Amino acid sequence: MRWLIGFFLVMVPLSLRGDSHSDWASKIHEIHLSNGLNFLFYERGEAPIFSAYIRFRAGGIDEPPGKTGLAHFLEHMAFKGTQTLGTTDFKKEKPLLDEIEKVGEELSREYTKANAANTDHIKELREKLRALHKEEEKYIVKEAIARKMMENGGVDLNATTSKDMTSYFVNLPSDKLKFWASVESERIFKPVFREFYEEKDVVLEERRMRVDNDPDGRLYEAFLSTAFEKSPYRWPTIGSVDDVLRLTRHDLENFWKRYYRPSRFAGVLVGNLNQKEVESVLNQTFGKIRFEDPSEKSSDLADHDQEPVQKEERRVVLKMAAKPRFLMGYHKPAVSFADDYAFDLLDQILGDGRSSRLYRELVVEKKLVSGVGTSTDVPGLRLPNLYLIEVNPLPGHSSEEVVALIDQEIQKIQEGGVTSAEFEKAKNRLMAAFLFKMETNEEIASRLSYFQTAIGNWRYLANYLDEINRLKIEDVQRVVKEYLRKNNRTIAEIKSSEEGMPSP
Amino acid sequence: MVVFAGCGARNPPFFKPIPPVVHILPNRLTLILLEDHEVPTAKFYFYIQGGSVYDPPGKEGLASVAMQSIRLGGTTTRSPESIEEDLEFVGASLEMGIKPEYAAASLNVLKKDLNLGLDILFDLLKKPAIQKNRFEIVKAQAIDTLERELEDPLTLANREFPELIYGPHNPWGRKVTVASLKNITYEDVRSFYKNFVHPDRILLAAAGDFSDDAITALIHEKNQDWNVSSSGLPALPSVSESFKREVVVIPRRDLTQSTIIMGHLGTKRDNPDKFPLIVMNFILGGGGALSSRLGEEIRSSAGKAYAIWSDYGFGKDLGTFRAIAQTALTNTDWVIHRMETMIREMTDSPNFTQEEVSRAKQAVLRSLVFGFETRFAQVKEEARFKLYGYPDNYLEIFQKEIARVSVKDLNRVAKKYLHPEGLKVLIITNDEETKHAKALSDLTTNGLVEVRRFE
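Same order as they appear, the protein sequences are chains A and B.
Going by my numbering, the first sequence opens with residue 1, and the numbers climb by one from there.
Going by my numbering, the second sequence opens with residue 1, and the numbers climb by one from there.
Worth flagging that the hints you see were computed from the coordinates, not collected in a lab.
No experiment lies behind these values; they were computed from the predicted model shown.
Hints are not guaranteed to be accurate.
Claimed, not checked - Chain A stretches covered by chain B per the calculated footprint, using a threshold of three residues with CB under 8 Å from any CB of chain B:
#, region
1, 41-50
2, 141-147
Said to hold, decoys possible - In silico BS3-like pairs for lysine-lysine, Cα to Cα no more than 27 Å straight-line:
#, chain 1, residue 1, chain 2, residue 2
3, A, Lys367, B, Lys59
4, B, Lys274, B, Lys244
5, B, Lys59, A, Lys323
6, B, Lys139, A, Lys495
7, A, Lys91, A, Lys128
8, A, Lys367, B, Lys182
9, B, Lys59, A, Lys437
10, A, Lys495, B, Lys182
11, B, Lys132, A, Lys366
12, B, Lys132, B, Lys182
13, B, Lys99, B, Lys16
14, B, Lys316, B, Lys386
Glycine included, C-beta positions come from ideal geometry on N, C-alpha and C.
Please construct the entire structure, taking both the sequences and the accompanying hints into account.
Written out as structure tokens, the structure reads:
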């Protein structure tokens, strides 16, 4: 019973644990498969479980114009199965899939006509799709991927799409490594995008839930489309309704073909697994996938529209039946190493935590707001992005009043810098937070794969604390002077309307 | 104790977690701890028996405001500013909050700052100053936060539904409102502290880079001068079992999607039928939007929902069974009808298959091992079991009972514990779509549809 020897775990005596945590990075193994797919493996943990994270450097910003929502839609479709999983007879299903796509493309052409579209024809085509789908359903096994994962003890199976990347993750018991690798390699790299037009309805429902029916969602969309003029960061990840309605399965396949390949891929396994077995299993599954032109390394820098420098403050106001709030975003460069660390420190000092400048001033001293927060790398970091301040004013205090006070606090730092106590505190907090995020397989797998995907270098994480320590107190003042300027910012605001009707 | 990472397979891999150490201090505080030397940190979680269910009528939200006021109001020897400064200077976090059955305090701290972190936390629990101006800030924040939270239809639905199930006068059904928050006085908060924060109500879960002996001695020391003992918690009126059909519509003109919650009373957490009910609910809607009957039919097949699930609640008293969905306005009637029909079918003609039941049991059992991912997760869970009065070997019992659930058991509990005729249905929707209002009246046997304006 090979697996018994592999997985029977006797509790490791305490004296053997407690090796210095600071050399955790040296325990990470890079596994390079012959077809170009690269994995990281980190063996750790007591419980016989592991976390698997797969990310593609392919997100909203990589979508062709007029096809927003494509990356996110693909994420949904990656759960629909393969030629063997999710179907009882692919031979019979395939001609139906082809027929469905023909009708779907005609429907898309009709939607493209916008106001000139023939609504009767649209209705007719949708009926046709429904009928074809009903035929196809005879051969479909619903949600086969999700079911299989759950049956095998999968926990927190999910996927996410952002402007920068698409991610697939799950936690499983240790004896399910082979199962995970064979299912995952197939469904990601040999997918069948069945039920594409039905899933559109689900995606549109999701949009309703996340955006249309959520004041914060609507504000965020307006904020990004105002702060960015040319950058693809200005479009919502979930896509506009018009774009999503026009998408075809063909569009999806093109996107998948272009971006779901080795040069864009990062796979990370963290947990109680055996390295030799990990290597062997990966070679037998992911390693057997063939890619066209495996040495291709598609550059993405040239593909994206450059955002012109912002010359003056921009504002957008939404009137709706909701409490007032606003977002303030300042442009900053794409991940640039010196500035990014400084922004992480600035975050701690300016708006993160109850001893931060904005919290003390706005919440405690002046009592103008019920909450204030800051964040960096909004909505991503592959392209020039934003430093964000978000505020919930208390009743009776206008956004103008609050913005004026925030400006004062920013000016104080521009003129006088930050204190050495604040600087020290910020570094301590980042270091502590770093350690607290190394507790579970999933957290570690997530962070390693994130940096490997976003900047092509997971060692950013290993070097992070050293880089923070290398910063000088002047660096914080420098980024505030350089980037937190009025003519570099966008303010998006919700003002409460009296009638209670949403604005168009 | 052995946790099976798999069940039903011939020889499942298994895992023997270390049992935690339990100490009961002289002041009756219970300490449950495990050493964990992987990372130089320590985490603590305090369960303080009581909870928001004990809020006095008309002052719902008191326990929450009180715990925040204790947290942010300083101590007799430390100012509020110095507490934030001291904690944040070392990157420690200390939070307090409230749940229906307990108040909670948590501390995350680097190993080197253990003493400081515990000092501040026990100071806050033993000698809080609860400065009045901080109370005012907390109260204003609570009101503003509540108003913002209620913009979200799902949050609104989650808070209105208990009132529908338990009635507005039973503690499990009372809800926090702006009015009830405004009624809370400074004296109320001080009384709360006096009556509820006692060491003999506390279960403290701790795991981290410390030694058993050292941390136990440290916590003993912090508790030496804390000798308040409590009388029992006030009695709660019991929930009487009734299953009467009711439909409530809360109109919101800004919505393009409806939020639907339907359900009825559940059962108690000490009911042995809980185990088959867990499996039943997993099959109905607990398996998630992608792998449950509700999800498969309403999301996957019909594409009419993104979020859909069910949960079967086991409470100190009778819990709540709920099925929840969010769907476009035009689909509202169809989704309500489908959900109701599926619940009725599950009790009238369940058709559980052996395969379905095995799959559900496997999923539930295999996921248990994740409760041991970290030692802190393990002790926190053990402390919660003690809070609920479960026996020490509860997890073993749980595994055993789930493993032996049969199709026959499921048929039995589905008949006994699902009440389609007594479903309470809450719909948050755009009432300008008048056809909804008409169609909804078909749902009730006695034509009772209450349209409740939400202010």
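Okay, the hints, checked on the actual structure:
1. With 6 residues bearing a CB less than 8 Å from a CB of chain B, the region 41-50 of chain A meets the requirement of three and the coverage assertion stands.
2. Coverage of a stretch by a chain is defined here by at least three residues with a beta carbon nearer than 8 Å to that chain's beta carbons; for the region 141-147 of chain A and chain B the count is 4, and the condition holds.
3. Proximity of Lys367(A) to Lys59(B) is assessed by CA-CA distance (about 24 Å); at most 27 Å being required, the pair is judged to hold.
4. For the hint pairing Lys274(B) with Lys244(B), the CA-to-CA distance comes to about 23 Å; that is within 27 Å, so the pair holds.
5. Note on Lys59(B) and Lys323(A): the hinted pairing holds, with a Cα-Cα distance of about 24 Å set against a maximum of 27 Å.
6. Between Lys139(B) and Lys495(A), the direct Cα distance comes to roughly 23 Å. Compliance with the 27 Å bound is thereby established for this hinted pair.
7. At most 27 Å may separate the alpha-carbon atoms for a hinted pair to count; Lys91(A) and Lys128(A) meet this at roughly 21 Å.
8. Only pairs whose Cα atoms come within 27 Å are accepted, and Lys367(A) paired with Lys182(B) is accepted, the gap being roughly 17 Å.
9. Under the criterion of a C-alpha separation no larger than 27 Å, the hint pairing Lys59(B) with Lys437(A) is inconsistent with the structure, at around 38 Å.
10. Distance hint between Lys495(A) and Lys182(B) is fulfilled; the C-alpha atoms sit about 24 Å from each other, no more than 27 Å.
11. For the hint linking Lys132(B) to Lys366(A), the alpha-carbon distance of about 16 Å falls within 27 Å, and the restraint holds.
12. Among the hinted pairs, Lys132(B) with Lys182(B) is consistent with the structure: their alpha-carbon atoms are about 15 Å apart, no more than 27 Å.
13. The straight-line distance between the Cα atoms of Lys99(B) and Lys16(B) is roughly 31 Å, outside the 27 Å bound, and the hint therefore fails.
14. Restraint check for Lys316(B) and Lys386(B): satisfied, since their Cα atoms lie roughly 13 Å apart, inside the 27 Å limit.
Figure legend: structure checked against the earlier numbered hints; hints not met, in rising order: 9 and 13.
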